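Residue numbers (the working numbering), protein chains in the order written: chain Z, 1 to 424; chain U, 1 to 150.
Note that these hints are calculated values from the structure, not bench results.
None of the values given here were measured: they were computed from a predicted structure.
Mixed in with the good hints, there may be bad ones.
As the list claims (entries may be wrong) - If you only want the chain U side, here are some residues facing chain Z, beta carbon under 8 Å, derived:
#1 E33
#2 P125
#3 P126
#4 L131
#5 P137
#6 L139
#7 S141
Stated by the list, open to error - If you want the footprint, here are the derived chain Z segments under chain U, 3+ residues with CB under 8 Å:
#8 24 to 38
#9 74 to 83
Where a beta carbon is used, it is the ideal one built from N, C-alpha and C, also for glycine.
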Amino acid sequence: MKFLHSVTIVAGLLAVPSLLVSQVRSDYEVTQAFEREANAISRAVTDANTVVECVDIESRITELDSTYREFKDLLDRALYPDGFEGRLAKLTGQITYAKGKITIIETQYDRITELETQVRELSSQVQQLSGQNTKMLSEVRRLSASKLTIDSLNAVIIKLRQGLRDRDNLIFALVDSLFLQYDKDVTAMSDQEKRGVAARLDRRNVFSGIKQSIDDNIRFLESTTLSGNDLMRIMDEQAAFASKWSGLGKKLADVYVAAKSKRETELTTIDTMLNRWKSTLGSLFWRSLNDIFVRNEVPIAVFSTASEFQANINLYLDEEIRKARDEKDGQRYFRYQAFADSVWFGNVEPNWIPAMVKSGDLSQPQVEEIEDKVGEWKDIVSPPLTMVYVIIAVVMLVVVLYLYRRYSKTRQGSVDAGGEKAGG
Amino acid sequence: MKFASIAIVLLLVTITGCSPLSLKPADFGWPVESVLKADSKGMVQENRYQLSFNIRPMIFAETGDSTNASIIVRVIRDRAGYYFITAQGFKHVYVFGTGDGALTLESKIMISETGLNAPAFNARPPHVQLLNGSGRPVLLSKSGIQEGGE
């Protein structure tokens with residue numbers, strides 16, 4: 001959890017008003033929203049021709065029930081004469097009748113129902129996580145501004161990172177479950193099926209969910225400073241996200257073209273956002289690494305690529321080695337210590353170098369070259385160890401000999417005194 | 001004494017016989033407000049409760065100009081039978097009772113000097129709740145804003 005120690009304050013984010021301003025919904029709005037969805041479901045029943053559509057409609061009825069059950073009393077009064085239960089019963093009756101008209105193979109129906117349940121659950125988890133992540137992002141900013149609650153901030157960051165990762169995974173799992181129901185490749189789908197998929201993707205907010213995922217990840221990066229290894233893990237996650245998107249993007253393009261959806265033109269937005277996420281990660285990586293040297297007052301010229309990093313650090317080491325050879329004052333060892341203990345071995349080597357090697361930005365020989373120079377510098381400024389050991393050994397020998405001689409004299413004195421007494 | 005008793009009984013019978021017949025309790029409340037669009041003449045029509053009225057005089061009272069009468073009004077009826085009417089941009093909520101072929105103004109409640117930006121009524125018997133966007137909801141009765149309750 002070393003990255004957590006490197007959390008820094010982000011300027012400009014001191015006052016963060018709550019993003020979610022609560023607004024009271026009027027009874028009329030609730031009633032209208034229920035009526036709109038009930039009417040849309042009713043129309044969908046009339047148009048349903050396939051098993052997938054029937055399953056989807058049943059799922060919508062289930063959701064309508066669970067979303068509006070808390071308003072049952074209001075809807076019972078407002079929806080005269082059906083009431084809440086009556087309206088749901090009508091919809092259920094309609095879909096039962098429609099299912100009867102479409103010859104349905106039960107096993108296929110069960111499998112699709114199972115997938116649809118999965119979609120529904122994943123969708124609600126995504127929504128829940130999105131809400132939690134938004135709150136946590138605000139919390140990170142608030143705690144960052146307070147400067148006093150580093151432990152609380154670290155705890156929130158750990159939870160937030162997990163939350164972002166989970167949400168990213170869930171949204172792709174949701175899309176997978178949705179496409180799996182059709183049991184065929186998008187290219188083999190009829191236009192009507194594609195329109196169905198497009199409508200369902202919209203209803204599940206897949207498109208805005210993916211955009212929000214990327215946005216939140218960028219906002220997270222902008223709110224914190226992480227170690228190289230942590231950034232590398234996030235880079236891996238970003239790459240995995242981009243790879244999943246490239247597979248999904250093609251499918252969506254196909255679906256949206258057939259459905260004549262405006263979304264088609266928006267697909268490129270996601271590509272742009274993914275590029276922004278990647279470049280934010282890159283610039284954050286170099287900025288954070290530069291900060292380490294600045295904070296520890298090690299004067300290495302600013303770098304923004306691995307080759308610049310390597311060149312500048314070599315330049316610095318060469319200069320220090322030269323100075324160490326020319327100057328013989330005690331300061332040269334302290335300069336080495338400040339670089340080696342606090343910066344190089346304490347942070348850069350364990351937390352940043354593996355990330356650069358893994359990404360291929362830095363080769364192993366290049367790392368060894370830097371380490372050799374650090375070793376050379378150390379050899380120049382450190383007292384030679386063998387000489388130290390020899391001096392210590394000589395000193396100890398002298399002490400032991402001195403003590404032995406004193407002991408021998410004391411012992412001889414007591415023997416002589418004893419002999420005189422016996423003789424007398 | 002006997003005469004007095006008979007007189008009292010007769011008086012009571014007379015008084016009872018003269019007072020109007022009333023059926024209690026009665027509840028006129030609407031569960032949900034109605035949102036009604038007025039036509040160019042200012043007429044609004046509520047279909048569920050079969051109510052129609054002209055809003056021109058109210059627009060004039062509110063703005064001093066009733067040239068544009070095609071506005072959307074929000075109407076709700078409380079348990080006692082009073083109609084509460086307002087619209088976006090209005091500073092007041094108007095409370096009407098029923099008269100002879102007319103709605104007659106009972107009271108005019110000042111809500112906002114700058115005008116309501118997103119008004120909506122909820123039934124909260126015995127009162128009517130007024131929402132205004134993200135502002136604090138208030139409880140109304142025909143006599144005005146009720147203190148202390150939301």
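* To do: Tell me, in ascending order, the numbers of any earlier hints that this structure violates.
  => 2, 3, 6 and 7
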